[in-house]
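Use the sequences and the hints to build the structure in full.
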Amino acid sequence: MARLAAGVVLVTAHDPEEGARGEDVGMTATAFMSVSLDPPLVLISLRDGSRMDELLERQELWAVSVLTEGQRQTAGRFAMKGRLSDRLLFQELPHTHGTSTGAPLVDGALAAVECRTEQRIAAGDHTLLVGRVLATRLGASEGGPLLYHSGRYRSLG
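In my numbering, the protein residues as written are 176 to 332.
Accuracy of the hints is not assured; some may be wrong.
[What the hints assert, rightly or not] Now the in silico label distances, taken between C-beta atoms and shown as ranges:
1. G332 - P215: 27 to 33 Å
2. T271 - A297: 31 to 37 Å
3. Q248 - R226: 17 to 23 Å
4. R295 - P215: 14 to 20 Å
To be clear, the hints were calculated from the coordinates, so they are not data collected in a lab.
In this text the structure is predicted, and so the values were computed from the model without any measurement.
C-beta: ideal position from N, C-alpha, C; glycine also.
Laid out in structure tokens, this is it:
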């Protein structure tokens, strides 16, 4: 599967139960796709037992920001094992919170999609989440998408 090029996204959610004001949570993903136009549905794949999987089992609102080729560092930082805490990562990331989900949306991303979970599907060591699209936002028009292929981030150029 490393030979299949995939777009890179940042999946985010707000955990209202973490701390006094809650905490933003994020993870880099390449398993994201459109499922249906009517109704508008998308799908993400989450590793079982990951922080995002645990959070989205408790609450149903989340978002996806489609990263640009210039956001390689963001993708890498949210993908690292033993990384900084999500709180510190979001302090350094320009973002706004979605009006439909409260989830962080990456400033300058190609697009952002806010979702509510419609269905959870067990699939091996992952869980597939089908989300109903609640809101969308188009972002940067210049530059291409960030891709992942053969174990490395790449661009179309």
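Against the structure, the hints:
Separation of G332 from P215 is about 30 Å and conforms to the stated range, judged on CB atoms against 27 to 33 Å. In this structure, T271 and A297 meet the distance hint of 31 to 37 Å, their C-beta atoms being roughly 33 Å apart. Hint check: Q248 to R226, Cβ distance near 21 Å, so the stated range 17 to 23 Å holds. Range check, R295 to P215: Cβ separation about 18 Å, and the 14 to 20 Å hint holds.
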